[in-house]
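Protein sequences appear in the order of chains A and B. Residue numbers for the first sequence follow this note's numbering, beginning at 25 and rising by one. Residue numbers for the second sequence follow this note's numbering, beginning at 859 and rising by one.
Because the hints were derived from the structure by calculation, they are not lab data. Virtual Cβ for every residue (Gly too), placed ideally from N, Cα, C. Any given hint might turn out to be false.
Stated by the list, open to error - According to the in silico footprint, chain B covers these stretches of chain A (three or more CB under 8 angstroms from chain B):
1) 38–46
2) 50–56
3) 72–78
4) 81–95
What the hints assert, rightly or not - Some, not all, of what chain B presents toward chain A, calculated at C-beta under 10 angstroms:
5) Ile860
6) Phe863
7) Trp935
8) Phe959
9) Ile976
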Amino acid sequence: MFWVLLSLFILFLAVDAFLSLAVLFHLYQYTMAEWTAGRAVAIVYAAIAIGFLALAVASFSAIPFGEYEPIWRDAIRDLGPGL
Amino acid sequence: MIKLFPNETVVLVIRRHWIVFVLPGLTFVLMLIAPAVLLSSAPSYLPETTHAAVGPLLKFFYALYLMAVLLGMLIFWVKYYLDAWILTDQRIITIDQHGLFDRRISEIAMERVQNVTIEIPSLLATFLGYGTIRVETASESQFTTDQVPDCYHAKDLILKYSRSPREAIAHEPDTNILRG
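Just chain B, with the same shape it has in the complex:
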C-alpha cells in the first residue's frame, strides 16, 4: 500500500480524462459483440456449425475467448487506475504504469517544484477540458502527465502548495536583515 507521512494529507488524485476510454472501450465492445453475431449467423453461411458435434466445441472456444477479453479489459482498467499523480500538501507522487509489470514511481517534494506548465493540445481538449501538466524541479528534471482533467485546478493546487512553504522561509531572513 502507498503510505503517507503521519502529518501528510492528500489534496488531489489526478487520473487521466475519460476520453482515454473511448477508443479502447469501443474496441472491447466490438470484440465482445462481433463473435456472438458471427456465431449466431454462422448457420446461414456455414451449415456445418449446426452439427451436434461442432456446437459445444465452438461454445468452449467462445468461453475462453470471453475470459481472455475480460482479462484484457481488467488489465487496461488497472493500468488506468494505477497510473496516477497523488498530490499531497508535502509532495507529488507520480506513478507511471506503463504495463502490468512495468511501473515507475517518483516523488517530488513540493518545495523543489519550480515551474508548472500546462498544455491544451487540441480543439477536443479545449472543449472537454483536459490537458498536459509538466512539472519542473530544482534539479531540472521534468515530470509530465497527459490528458489530465481540469488541469488548471491541478496546476493551481501544485503552485499553491509548492509556494507556501518557500514564501514562509523567504520572509524570515528578510525580517532578520531588517532587525539587524
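The following block holds chain A by itself, in its conformation from the complex:
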C-alpha cells in the first residue's frame, strides 16, 4: 500500500511539475517585456501550489499504512477461492 501510494504520488508530482514548468516557460517565452501580470500570477500560483504540496506531504506522512495491511490481507484472502 505504501509503495503503491508513494509511486502514485511521485508520478502525480512529476506530471504536475512538468506542466507547471511548461506554463512558466510559456509565460517567459511568448510574452512581451512589459507584460508583468504573467510573472505575478506565476508567483501566486507557486505559493499556493507549494502550500497544497505541503498539505499533501503532511497528509501522506500521517497515513497509518500499518492499519491497512490486515484489510488488504483479508480482501486478498476473500478473493482467493474465486480466482
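Put chain B on the given structure of chain A with help from the hints.
Using the frame of chain A, we list chain B on its own:
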C-alpha cells in the same frame, strides 16, 4: 520573448472580454467548493470516514485534487493571457493559443490590410460591448478573433494605421503626374 522592430510601438493589445471567464470560473469555484462540502458532511452519510485511518488518506487525495484544479486554472488563464492580438503602428501580430502546446502566430503588415469587419453577435454582446473582428488582407487571407472588448475602437485603430502609409504613398504619384 516577443520582440518589436527598433522603431515600432505597440498601439493596443487585444485580449478576450472578461465574459469568457464566467462559465469556467463558476466551474472551477464549484470544483473547489464541492469536495470540501462533501468531505465536511461525509460523517453524516458515511460514518466510516470518521475512522482515524481514513481521514489522512482522504486529506491526501484532496490535496492532490486541489493541486490538479489549481494547475487547470493556471493553464486556462495562460491560454487566455497568451491568446492575443498585438497591434503596432506597423503590423498586427495574431497569437492563437489553442492549447498549452498548440499555438499559431501570424503577422500582418498594416499596409496589407484591406478590410476590417466587426460583428456584434448577440444581445449580451451588445450590452457588454464585445464582438468579433475579422481582418482581410491583400492576399485574401482572413484573420478572426472573437469576444473582443471595445471592438469599435480596435477597428478604428487598425484602419487608421493601415490607411495612413497607403494614403501617403498614393499621394506621391498624383503630384508627379500633375507636375509632368
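Tell me if phenylalanine 863(B) is really an interface residue toward chain A, meaning its C-beta lies closer than 10 angstroms to one of theirs. violated, 13 angstroms
Hey, does the isoleucine 860(B) contact hint survive, CB to chain A under 10 angstroms? For isoleucine 860(B), the interface hint holds, since the closest Cβ of chain A sits about 5 angstroms away, which is under 10 angstroms.
Holds or violated: the segment 38–46 of chain A covered by chain B, criterion of 3 or more residues with Cβ-Cβ distance under 8 angstroms? This one holds; 4 residues, not fewer than the three required, reach chain B with a Cβ under 8 angstroms.
Count the residues of the segment 81–95 of chain A whose Cβ falls closer than 8 angstroms to any Cβ of chain B, and tell me whether that reaches three. Since three or more residues must qualify, the claim that chain B covers the segment 81–95 of chain A holds, with 7 doing so at under 8 angstroms.
Have a go at the tryptophan 935(B) hint: is there a Cβ in chain A nearer than 10 angstroms to its own Cβ? holds, 6 angstroms
At least three residues with a C-beta closer than 8 angstroms to a C-beta of chain B: is that true for the segment 72–78 of chain A? holds (count 4)
Under 10 angstroms, Cβ to Cβ, is where phenylalanine 959(B) needs to be relative to chain A, so tell me if that hint holds or is violated. Holds, because the Cβ-Cβ distance from phenylalanine 959(B) to chain A comes to roughly 7 angstroms (cut-off 10 angstroms).
Hint check: is the beta carbon of isoleucine 976(B) less than 10 angstroms from a beta carbon of chain A? With Cβ-Cβ at 25 angstroms, over 10 angstroms, it is violated.
Verify the coverage statement for the segment 50–56 of chain A against chain B, using a C-beta to C-beta distance below 8 angstroms and requiring 3 or more qualifying residues. holds (count 7)
When held up to the earlier numbered hints, the structure conflicts with 6 and 9 and fits the remainder.
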